[in-house]
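Enquirer: One letter stands for each residue in the lines below.
There are 2 protein chains.
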Amino acid sequence: MSFPLAEEAIKKTTEEVEDIVDPWNVTSSSDKGIDYDKLIRRFGSSKISPELIARIEAIIKKPVHHFIRRGIFFSHRDLEMILTAYEQKKPFFLYTGRGPSSEAMHLGHLIPFIMTKWLQDAFDVPLVIQMTDDEKYLWKDIKIEDANRYAYENAKDIIACGFDVTKTFIFSDFDYMAQCPNFYRNIVRIQKSVTFNQVKGIFGFTESDCIGKIAFPAIQAAPSISSSFPMIFGDKLKQELACLIPCAIDQDPYFRMTRDVAPRLNFPKPSLLHSTFFPALQGSKSKMSASDANSSIFLTDTPKNIKDKVNKHAFSGGKETLEEHRAKGGDCEIDVSYQYLTFFLDDDERLEQIRQDYTSGQLLTGELKKILIEVLQELVAQHQERRKEVSMDVVRQYMTPRQLSFRY
Amino acid sequence: MSFPLAEEAIKKTTEEVEDIVDPWNVTSSSDKGIDYDKLIRRFGSSKISPELIARIEAIIKKPVHHFIRRGIFFSHRDLEMILTAYEQKKPFFLYTGRGPSSEAMHLGHLIPFIMTKWLQDAFDVPLVIQMTDDEKYLWKDIKIEDANRYAYENAKDIIACGFDVTKTFIFSDFDYMAQCPNFYRNIVRIQKSVTFNQVKGIFGFTESDCIGKIAFPAIQAAPSISSSFPMIFGDKLKQELACLIPCAIDQDPYFRMTRDVAPRLNFPKPSLLHSTFFPALQGSKSKMSASDANSSIFLTDTPKNIKDKVNKHAFSGGKETLEEHRAKGGDCEIDVSYQYLTFFLDDDERLEQIRQDYTSGQLLTGELKKILIEVLQELVAQHQERRKEVSMDVVRQYMTPRQLSFRY
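Protein chains in written order, with the numbering used here: chain A, 1 to 408; chain B, 1 to 408.
Any given hint might turn out to be false.
Note that the list lumps identical chains together, so a pair holds whenever it fits in one copy or between two copies.
Think about it this way: if two alpha-carbon atoms lie no more than 30 Å apart in a straight line, the pair counts; the simulated BS3-like pairs of lysine-lysine are [as the list claims (entries may be wrong)]:
no. : residue 1 : residue 2
1   : K200      : K140
2   : K143      : K200
3   : K238      : K140
4   : K269      : K143
5   : K143      : K236
6   : K285      : K312
7   : K238      : K143
8   : K388      : K309
9   : K269      : K89
10  : K62       : K47
11  : K328      : K370
12  : K236      : K269
13  : K312      : K328
14  : K285      : K32
I should point out that these hints are in silico values taken from the structure, not numbers from a laboratory.
Model, not experiment: these values are computed from the prediction.
Turn these sequences into a full structure, and let the hints steer you where they fit.
Expert: Next up, the structure:
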């Protein structure tokens with residue numbers, strides 16, 4: 001078969017200069033970073049509208065997380081279906097993941113997990129978290145043993161986000177493959193439904209790519225099929241469950257592919273909730289990357305590391321001189337410190353005050369950075385405290401296949 | 001990487017009209033069937049020489065099986081390495097397999113297993129048998145559940161060949177994937193070392209093929225790495241073991257690929273022992289195929305089925321009229337009944353007498369067919385007797401991962 005992905009086709013407008021957004025590359029040529037409205041049009045997803053937010057808040061009877069309120073999670077696919085299932089007291093599950101490329105995780109890696117933890121609490125639903133150690137072995141120059149070890153180390157940071165152990169299953173691909181016969185079966189079902197031409201179109205694979213990379217998309221797709229988890233979902237599996245995937249929008253290609261094959265394989269299309277990227281310290285042209293230590297604040301950084309990195313590397317939207325800044329004000333749209341505060345300062349009023357003060361020139365870059373440094377030092381210190389409590393025994397609890405509990 | 005398979009390159013002589021031989025197609029344009037000498041040159045394997053046969057017989061202190069003596073197993077790769085290992089009392093293992101495409105197996109399917117059983121006895125070595133139910137799901141219009149069921153049904157026929165349960169492990173890909181973490185790890189190691197360009201060159205895959213087919217060759221390659229079987233080989237796995245693969249020569253592309261990646265992944269290149277194809281009743285232009293009932297004698301056929309099929313369909317090398325046959329004699333090279341006797345009549349003297357009598361015209365086609373019918377009726381009846389003894393409990397014994405015993 002060589003049909004195009006018709007329904008979910010990417011709408012390309014050739015006259016536009018396009019940002020590059022795929023699972024391995026995120027770059028923009030603009031100082032303001034990725035044009036997310038354009039991305040929504042290209043990917044064919046939907047913007048999270050004020051009406052949709054109002055509907056969520058009416059259902060869960062509390063305000064949405066500031067990630068949603070502030071447009072950090074800005075796009076979705078079929079989120080309404082999940083809300084309707086919830087209203088009808090039908091079970092659904094959350095699925096997210098992480099590529100364990102090294103021992104150290106940075107602030108940007110936390111974003112999907114903070115969102116997912118909030119969703120787990122708000123909807124009281126089970127969650128599966130895939131650690132794609134096989135992907136990292138295929139894409140990077142590392143050993144399988146190391147990729148697998150990173151999966152377990154990274155799980156500690158994920159668990160430190162506060163997931164409910166009775167409703168959370170974390171798994172390494174390498175290990176889960178040998179724990180559950182259904183996982184490989186669903187992978188092969190997907191692999192039979194997707195051609196090289198399709199993964200070439202979706203992911204840009206070439207004939208020089210190894211066959212492991214070419215086959216991998218099915219492995220990231222399979223956990224969105226609930227029958228990949230018979231031990232986890234137990235008697236809820238009388239039928240396939242609806243699935244909601246919170247992720248950064250660069251992961252969308254995997255799930256466009258998944259949604260395309262779903263009807264042919266008789267499982268529901270997964271719903272998605274897409275985030276923007278967490279910018280590098282150097283600015284919004286690229287996302288924070290663990291492979292560039294200067295671009296990243298790691299979850300292992302000391303208070304001094306954090307202070308030094310922010311002061312030295314955080315791209316400023318302030319003016320060249322004190323006089324000019326006081327006169328013209330700073331530019332929050334390109335200021336990385338301000339951007340970071342939109343992620344991590346949940347007090348809306350205080351954030352708005354900071355925005356006004358910085359824009360008017362009343363708040364100086366150094367003062368803005370000081371606020372961010374304090375916020376991040378506290379955030380990272382608290383994370384480190386919680387992570388210290390996560391022993392390998394605790395990791396094993398989360399990573400042991402066992403039945404999760406459902407509200408509905 | 002897009003390097004050619006330099007070392008194991010297929011030597012193509014463009015002026016030759018080539019037989020088609022790959023894992024999915026075997027056809028010849030000649031009445032005499034595949035030109036196996038030409039195939040050895042194209043594939044770059046080695047002919048089994050009288051000297052090599054003499055060496056085998058000296059080592060095992062008995063005559064080789066008539067399959068080797070008569071050139072049915074006619075080609076090899078690095079068989080000497082296996083013999084040297086055996087002489088040095090170093091452990092090695094046998095690996096062969098079957099694609100379980102349906103419940104019914106035919107005579108041709110028995111050939112590699114008869115050879116493998118003989119090798120197991122002669123060298124007293126462990127054996128792993130791969131049932132590629134995943135391959136059959138990918139290539140055919142069948143359900144996973146059916147492919148998996150055929151694996152267990154076919155295992156009964158394989159066990160009926162007499163394999164030693166203390167030295168034989170049979171596994172379904174779908175099931176073994178969830179029984180042994182090393183299997184998937186070795187598969188991904190191979191998948192990282194082989195590009196689409198390479199499988200395109202070796203197997204003729206196209207961009208319209210599904211990614212499951214494209215990735216599959218690694219799954220047939222992985223069992224030739226002994227560390228795919230830690231539970232099976234146990235403490236023998238201080239280092240990777242040498243592997244000998246008896247198979248029909250159409251499976252060679254998988255193992256050319258395997259031998260090419262072996263040095264990069266630090267495991268020994270598997271050795272191979274190649275058989276000719278078991279011809280269809282209609283003649284040597286094609287091999288016996290389960291999908292054409294008229295071309296095949298099934299292991300479930302009754303004595304009457306066998307008699308009728310041989311009488312009706314077995315292509316004859318005899319002459320049009322009795323007079324002409326008596327005068328000019330029959331042609332054993334194209335006579336299917338005679339060909340089958342070379343497989344299943346182990347009495348060399350009697351076979352030679354039959355050849356002379358048929359060639360001289362003394363033996364008529366009907367008489368030759370009668371001899372074959374009796375041989376096959378007895379062979380199939382005995383197989384059916386032995387298969388009746390193979391309960392699902394016995395199948396489970398062979399298919400349970402457990403340590404096999406080694407002589408050395």
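Enquirer: Run every hint past the structure and note whether it holds.
Expert: Do the hints match the structure? See the list:
Within a single copy, K200 and K140 get their C-alpha atoms as close as 20 Å, and across copies as close as 24 Å, so both meet the 30 Å cut-off. For the homomeric pair K143 and K200, the shortest alpha-carbon distances inside one copy (26 Å) and between copies (27 Å) are both at most 30 Å. When the C-alpha separation of K238 and K140 is checked against a cutoff of 30 Å, the pair qualifies only between copies, where the shortest distance is 28 Å, while the shortest distance within a copy is 39 Å. In this assembly of identical chains, K269 and K143 lie within 30 Å of each other by CA distance solely across copies; the values are 21 Å between and 34 Å within a copy.
Only between protomers do K143 and K236 lie at most 30 Å apart by alpha-carbon distance; the minimum there is 24 Å, versus 37 Å within a single protomer. When the C-alpha separation of K285 and K312 is checked against a cutoff of 30 Å, the pair qualifies only within one copy, where the shortest distance is 18 Å, while the shortest distance between copies is 76 Å. Taking the shortest alpha-carbon separations for K238 and K143, only the inter-copy value of 20 Å comes in at or below 30 Å, while the best intra-copy value is 39 Å. When the C-alpha separation of K388 and K309 is checked against a cutoff of 30 Å, the pair qualifies only within one copy, where the shortest distance is 24 Å, while the shortest distance between copies is 75 Å.
Taking the closest pair of Cα atoms, K269 and K89 come within 30 Å of each other only inside a single copy of the chain (19 Å); across copies the shortest separation is 57 Å, beyond that limit. Taking the closest pair of Cα atoms, K62 and K47 come within 30 Å of each other only inside a single copy of the chain (21 Å); across copies the shortest separation is 78 Å, beyond that limit. Taking identical chains as interchangeable, the C-alpha atoms of K328 and K370 lie at most 30 Å apart only when both belong to the same chain, with a minimum of 21 Å there against 106 Å between chains. Within a single copy, K236 and K269 get their C-alpha atoms as close as 18 Å, which meets the 30 Å cut-off; across copies the closest is 47 Å, which misses it.
Proximity of K312 and K328 under a CA criterion of 30 Å is satisfied intra-copy only: 23 Å inside one chain copy versus 99 Å between copies. Taking the shortest Cα distances, K285 and K32 sit within 30 Å of each other inside one copy (7 Å), while across copies they are farther apart (68 Å).
Of the numbered hints listed earlier, not one is contradicted by the structure.
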